[in-house]
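Trainee: Residues per chain are reported as follows:
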Amino acid sequence: MLPSAPADDPAALPLEISGVAKRFGDLRALDGVSLRLAPGECLGLLGPNGAGKTTLLRAIAGRVQPDAGSITVLGAPAGSPAARLALGWIPQELALYPRLTCLENLEAFGRYFGLGGAALSTAVERCLRWAALADRADDAVQHLSGGMKRRLNMAAGLVHAPKVVLMDEPTVGVDPQSRNRMFEMIDALASEGTSIVYTTHQMAEAERLCDRIAVVDHGRVIAVGTRDELVRAAFGTRSEVVARFERMDESAAAWIRQRGGRFDGAAARFEVEQPTAMVALLEAAARAGHTLVDVSLRRPDLESVFLHLTGRELRE
Amino acid sequence: MILPVARTALTSLRRDRGALALTFILPVAFFTILAVIFGARRDPTPPVAVIVVDQDLSRASRALVEGLARESLDVRTRPAARHGVEQAEYTEDTAELAVRAGDAPLALVIPAGFAERALAGADAHADVKLVRDASDPVAAQIVEGLLQRIAMTSLPEVMAGRGVRLMDPFVGGFTAEQRRRVEEGLAALRDRPDPETAGPEGGMLIPVRVRDVVGPARNDSMISFYAAAIAVMFLLFTASAAAGSLLDESESGTLDRVLGSRVTMGALLGGKLLYCTALAFGQLVVMFVWAWLVFGVDLPGHLDGFAVMGLVTSFAVAAFGMLIASACRTRAQLAAVSMLLVLVMSAVGGSMFPRYLMPAAMRHAGLVTLNAWAIDGFTKVFWRDEPVWRLWPQVLVLGAAGAVLSALAWRLARRWERS
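Chains A and B, in that order, are what the protein sequence lines are.
Taking the working numbering, I'd label the letters of the first sequence as residues 1 to 316.
Taking the working numbering, I'd label the letters of the second sequence as residues 1 to 419.
The set of hints was computed from the structure by calculation and includes no laboratory data.
We put the CB at the ideal spot given by N, CA and C, even for glycine.
Misleading hints may appear alongside valid ones.
[Said to hold, decoys possible] Not the full set, but computed from the structure, chain B residues with beta-carbon under 10 angstroms of chain A:
#1 M167
#2 V171
#3 T175
#4 Q178
#5 E183
#6 E184
#7 A187
#8 G244
#9 L247
#10 D248
#11 R257
#12 V258
#13 S261
#14 R262
#15 E417
[Unchecked claim] Quick list of the computed label-pair ranges, beta carbon to beta carbon:
#16 P359(B) - G146(A): 58 to 66 angstroms
#17 L26(B) - G193(A): 58 to 66 angstroms
#18 T8(B) - G236(A): 55 to 63 angstroms
#19 E417(B) - G146(A): 45 to 53 angstroms
#20 G32(A) - G282(B): 36 to 44 angstroms
[Said to hold, decoys possible] Reference listing, derived: stretches of chain A covered by chain B, where coverage requires no fewer than 3 residues with Cβ under 8 angstroms from a Cβ of chain B:
#21 63-70
#22 118-126
#23 136-150
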């Protein structure tokens, strides 16, 4: 058992990750990750599938032993009893007992965290209300809709009122309506001062929920900041022109490269200092004999940032 | 379109090692076990162990004992040596105790006066006594039959003499000359060099009185045997399936979540073990209550022994289930492995055929299974009416097996603890 520092050290950060590395055979799943989570902050981990997001969350939860580096949760080493009590973990899978009711599931996970008696009843009621499942409390999980199961999956990780919550793509496979309901639940959680780490490969989710975003790829954090900081760091004040060509052939590809643009498989992207530069770009395309079917000028978003930093799309 | 469908099914089967094992290995394993059990017995007479107490010590009684020893019987006149010290010969009382304890299925007592009076039909009290364990009804019948055969082959002069005496009144008494010739003939029979050459013709039966000392008032010995035997087999299946919840939880991510709480791997396995033990015990209770209500197995009279054997058996099978669940990677793999192991253990361990019907080597091999020890324990309780303290070998072995299997399960399950 690791030595366990008190998890309620007021000076300690909710989460501090320093130089964490982990290999699985030849795969370098985490490669020197360092991150800090401020009290009450929602930190997004944005990256494609296989980037190392889930491994990082499992390491924070104490389920993966890093080869190097350290992780503390409110000052306690990851995996220690104090860190476990301080953490709420919402895994990507529906980690529930399908034949038990919503109420029974929450009671079971509450007991696993040492709750009992009136404290357990109060915690379960709070979670059922939070997940808008109070009227389905006595329904078996296997009879719930997909969205309801996802909400219960979230509630099960929060029944012991953790100060730090890890959410691993909690909205996977849910319809837009349910997703909005879950966003409201996360807003409510954040408003109570809970610190959250939220992994996703959905830009919209990261922009909607997260105070700061860490862009993760190949087990490394390649950029951290607010959305605006990330965009500014990658693009400065430049805007982005997205253009689609009538015929995308070798000649068009060569022209895009010559003008400093990138082709992402669907459209060409050019960075321009001023919006007026778009006119010159259109004229140059016409002179070169390339017919454009769709052109737009926009401020770069997180997807642009990811493409800029990694040279590939987020969902490749 | 038929061929592509068949081809897809075949490809799926080739990828499913568990199904492949069930399809091809299980039948071969079963065939092998049955072939060993029944095929290895060239002699149709099973090697029955019989304790012999000769109180008569007459020429006839000695000839009878020697004749028994020549048959395919395991004739014992004294207990096995302990620490190299030879034990005293069995007496009628110690022989009966040995049968009660299950050391042998029956004891044959040749009382004093057997040759003089019983063979002459003069005194039924001097008849051969067969003290029998009703749990093995076959053994007594075999020995009774063999006794009659031995009478023909080993005691021809006694049989003939008895015949002559029976005939005497009908012929109005033999003359002195006839008596002399008869005596000469009987002497020739007595002194012949090879008793095996004597024919069976003209013989008479040895009077035998059979007495059951184990389960004497019951005719349900096989019922109570099968209640235990079948229960143990299904307990193993139940425990394996119940322990499989570990794999379900691993696949669904619930295990990760549980181990992320205050629950440690030790506590998790302890909880599962407790659950599987309680489930198995519940199953045993239902089985024996049914056997009591419907078939009259005396459960109320053996509650203490049942509780002891039930709990220790349930613990051992639960630990077995935990071990194979911890060793397997998927539910499908668990289903195949548990089916294979449980059926083989049940066949070898006596859940399908009583072990006393098996060859000696197979009987000994059965002792590596939980089934054999559990069935032996329940047999002691329900057939032999033995006191609870006499269950100590079974309790010790099953308890130790449960502890070792649990420790191995914990060792294997640590792979889930942290990666």
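Trainee: Determine for every hint whether it applies to the structure shown.
Mentor: Status of each hint after checking the structure:
no. : hint                                  : result
1   : M167                                  : violated, 83 angstroms
2   : V171                                  : violated, 88 angstroms
3   : T175                                  : violated, 96 angstroms
4   : Q178                                  : violated, 92 angstroms
5   : E183                                  : violated, 88 angstroms
6   : E184                                  : violated, 90 angstroms
7   : A187                                  : violated, 86 angstroms
8   : G244                                  : violated, 14 angstroms
9   : L247                                  : violated, 14 angstroms
10  : D248                                  : holds, 9 angstroms
11  : R257                                  : holds, 4 angstroms
12  : V258                                  : holds, 6 angstroms
13  : S261                                  : holds, 4 angstroms
14  : R262                                  : holds, 5 angstroms
15  : E417                                  : holds, 9 angstroms
16  : P359(B) - G146(A): 58 to 66 angstroms : holds, 60 angstroms
17  : L26(B) - G193(A): 58 to 66 angstroms  : holds, 59 angstroms
18  : T8(B) - G236(A): 55 to 63 angstroms   : holds, 57 angstroms
19  : E417(B) - G146(A): 45 to 53 angstroms : violated, 31 angstroms
20  : G32(A) - G282(B): 36 to 44 angstroms  : violated, 54 angstroms
21  : 63-70                                 : holds (count 3)
22  : 118-126                               : violated (count 0)
23  : 136-150                               : violated (count 0)
The structure fails hints 1, 2, 3, 4, 5, 6, 7, 8, 9, 19, 20, 22, 23 (numbered hints given earlier, in ascending order).
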